[in-house]
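Peer 1: Each chain, letter by letter, is given below.
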Amino acid sequence: MSSSNSIHSSAMKFAVKAWSNGRARAGVLHLDCCPTPIDTPSLLLSTRKGLPLFISPDLLPSLPSPDSHLLHVSPLHFLEGLSMTTISKIGGLHQMLGLHEYGFAAVPRDSIQCLPEANSTNKVGASFETPCGRLLIKPAEYMEMISSLRPELWATLADEVPAWVSDKRNKTSVDRTIKWLDECIALSPTGGAVFGAIVGGSSLEERQRCAQEVARRNVSGHCSFVDMR
Amino acid sequence: MALRFEVLGRFNHARAAQLTLPHFVCQTPLFMPVGTQGTIKGLTTNQLEEIGCQIILGNTYHLALRPTSELIDELGGLHKFMNWPRALLTDSGGFQMVSLLHLADITEKGVTFQSPVDGKQMLLTPEESIQIQNRIGADIIMALDDVVKTTITGPRIEEAMYRTLRWMDRCIAAHKRPHEQNLFGIVQGGLDPVLRDICVRGLVDRNLPGYAIGGLAGGEDKDSFWRVVAQCTAALPEDKPRYVMGVGYPLDVVVCSALGADMYDCVYPTRTARFGTALVPEGVLKLKQRAMAEDTRPIDPTCACMVCKNYTRAYIHSLVAKDAMGSQLLSYHNLYYMMQLSRNLHSSMVQGRFPEFVCSFLQKMFPKGDVPEWVCNAMEVAGIDISLCCAPFPSTQD
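Keeping their order, the protein sequence lines are chains A and B. Quick note on UniProt numbering: the first sequence kicks off at 1 and runs consecutively. Quick note on UniProt numbering: the second sequence kicks off at 1 and runs consecutively.
Keep in mind that the hints were calculated from the coordinates and are not lab data. As the structure is a computational prediction, the values presented were derived from the model and not from experiment. We put the beta carbon where it would ideally sit given N, CA and C, even for glycine. Warning: the hint list may mix true and false statements.
[As the list claims (entries may be wrong)] Reference listing, derived: stretches of chain A covered by chain B, where coverage requires no fewer than 3 residues with Cβ under 8 angstroms from a Cβ of chain B:
{"id": "1", "region": "26-32"}
{"id": "2", "region": "39-53"}
{"id": "3", "region": "86-100"}
[Said to hold, decoys possible] Calculated cross-link-like contacts (lysine-lysine; reagent style BS3-like; alpha-carbon spacing at most 27 angstroms):
{"id": "4", "chain 1": "B", "residue 1": "222", "chain 2": "B", "residue 2": "286"}
{"id": "5", "chain 1": "B", "residue 1": "288", "chain 2": "B", "residue 2": "368"}
{"id": "6", "chain 1": "B", "residue 1": "222", "chain 2": "A", "residue 2": "89"}
{"id": "7", "chain 1": "A", "residue 1": "89", "chain 2": "B", "residue 2": "288"}
{"id": "8", "chain 1": "B", "residue 1": "41", "chain 2": "B", "residue 2": "109"}
{"id": "9", "chain 1": "A", "residue 1": "138", "chain 2": "B", "residue 2": "322"}
{"id": "10", "chain 1": "B", "residue 1": "322", "chain 2": "A", "residue 2": "89"}
{"id": "11", "chain 1": "A", "residue 1": "168", "chain 2": "A", "residue 2": "179"}
{"id": "12", "chain 1": "A", "residue 1": "89", "chain 2": "B", "residue 2": "109"}
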C-alpha cells in the first residue's frame, strides 16, 4: 500500500485528512475540472454511455454537491454505436456529455451489463460479456479508448476472475494484470491519473503480491477488484 | 366561467391572445403536451416549466383507472398529485374509450365498455365523466362527446353530432365547479359542413367558456381537415379560445393558427422522440440513421435547448432505441421545439410580422418551394401571401 499521504498528477490531487484508530481514513480529492473538492470515501455514480441512468444531465445539479461529482464510465459502453475517432473529434468525455464540472473515472467493467468473462480472457486481452456480444479487449485497444475519452482517472486493464477459480488460474490473473499494468502505463496519455488494478481473488498472498507490484510503479491510486458473487 | 381571453394581436383570422386560467396566465397560440398518466414521459415538472410549458393535458380514462379520481381528489387534485403549478386540461375519457377498447358500445346513456381491469361491464356517462373531471380538478375540462372517425360516412355522423349536443346539456348540468373549472364543448359533425354548422351554433347557444374542434386528426385527407377547421373558426365566437384536438405536426399547428385556432394537443412530439425522431425546422431528423453516427453537429443548430446546446447527433444516435436517456433527451428537445413554435406564433402576431414568420417557416421546411397544395389553399383562405415560398425555383432570400 502507498505510504505517502498525498498524491499529485496533472488532473488530480489527493490528501488524507484524518485517520481512524484502524485503517480507515477520510480524505479529499481535488480535480481540476471540479469547482469544489470531493470528500472521500466517495461514491461514483454509475452511468450508461457517460450519463447517469436515473437522471438527465440538466437535473444533476439538484443532487447533493460535491459528492455526486464523480461519475464512473465504462469505455466498453461506447463500442456500441460511437467510434473512438468520432469521440476524439468531439473532444472527449467532457465535451461529448456537456458535463464540464464532473470528474470521470474510467473502469472497463460496470456492475450490470459489461462483466468480465474469465473463461474467455487469455494472454492477449481481457474478455467481457456486453450488450453487443462478447468482446476481447487488448491493452492497446483499451488505451486507445482512454486516449479518446480523456477521463480524469482511469484503471488499468485487469484479468478479473471469480473467487472459485483454481490457485493456478488465480496466480495467472495476477501475472497478466501486472503485465497489462505496464503496457497501459507505457501508452498512457498525459493528463489522466492512473489507478493500478489489483486482483488476486481471496488469496491474501496473491493480493499482497499484486499490490506490491503495483506500488512499485508510479501510479496515482489503486483500483481493487472484488468478486461480490 | 373561470377564464379570461384577451386578444393582443391579429392577422386576419389569426390571433395572439392572453388566456387567464385559475392556475396560470397563458399566451396563445399554444401547444399542450400530453401527460397521459399524470406525467409527461421522460420529463420532470421542473423541466416542463423550464422549457415554457403552460398547459398539460391529462387523460381522464387512464387516471380514472389508475390511481382513480377519488384518490386524486383525496390528495388535493391532480395539480398537487403531479406537482404541476401551471394549468391542466383533462379530456372526457370518451376518445380513449373508443380508440383503445374494441368492445366499446355507444348508446344514448353513454359509452359502455369492458373494464380492462376486471372485464366487468362499465358505463361512462356524461355525468360520470364530469364528476371524474371535477375530482381531478383541471383548469379546463372537456364535455363527453360522441366521437366518430372522419373516415366513416353515413347517418352515424349526424346521429353523433346531435347526441354530442344532448350530452353537452347533461355535462353542463352535472358540472359542480363552474367557477374553478372551464367546461369546453366539442364541435363534431364529421366532414359535413352542414352538420358542423348545426353543431357550432348549438354549442355557441350554450355560452361556454371555450370550444374545441373535435373528430379530426384521425386519417382524413388534409384538404378536408383544414376546411373543417376554417369553417369552425369562422363561426365560433371571437372572444373565446378555440382548441383543435389531436393536432401536433408543426405544419398543422401553423396552418390552424393562421386560420384562427388557439390551442393544440398531441402525443406526436413525445411519441416520435421515443422512436428516435427529432423535430427540426426542415421537418424531421431520424437519429437512428447510420449517417448520424459520425455527425458531430447538434440536432438543430438554431435551437437553444439543453440538448442542442450540449449534445451531438452522433452521441444521441448512440443512445436512441438502446438507452432510455436517448428518449428522454429527444423528448426534451421535441417539446422545447413545440414550445418555441408556440412562442414564435404568439410573438410574430403581436409584433405584426405573422406572414413573414409563416413564409420563413415554410421556406425552411420546403426549400425547393414544394409547399403542399392543401397548405397553399388554406393560406389563401387565411389571407396570407406565401407566393414567395411556393415558387418552383425560389430566389435565395431569408
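Peer 1: For each hint, tell me whether it holds in the structure or not.
Peer 2: Results of checking the hints against the structure:
no., hint, verdict
1, 26-32, "violated (count 0)"
2, 39-53, "holds (count 4)"
3, 86-100, "holds (count 6)"
4, B:222 x B:286, "24 angstroms, holds"
5, B:288 x B:368, "25 angstroms, holds"
6, B:222 x A:89, "44 angstroms, violated"
7, A:89 x B:288, "20 angstroms, holds"
8, B:41 x B:109, "34 angstroms, violated"
9, A:138 x B:322, "26 angstroms, holds"
10, B:322 x A:89, "23 angstroms, holds"
11, A:168 x A:179, "17 angstroms, holds"
12, A:89 x B:109, "65 angstroms, violated"
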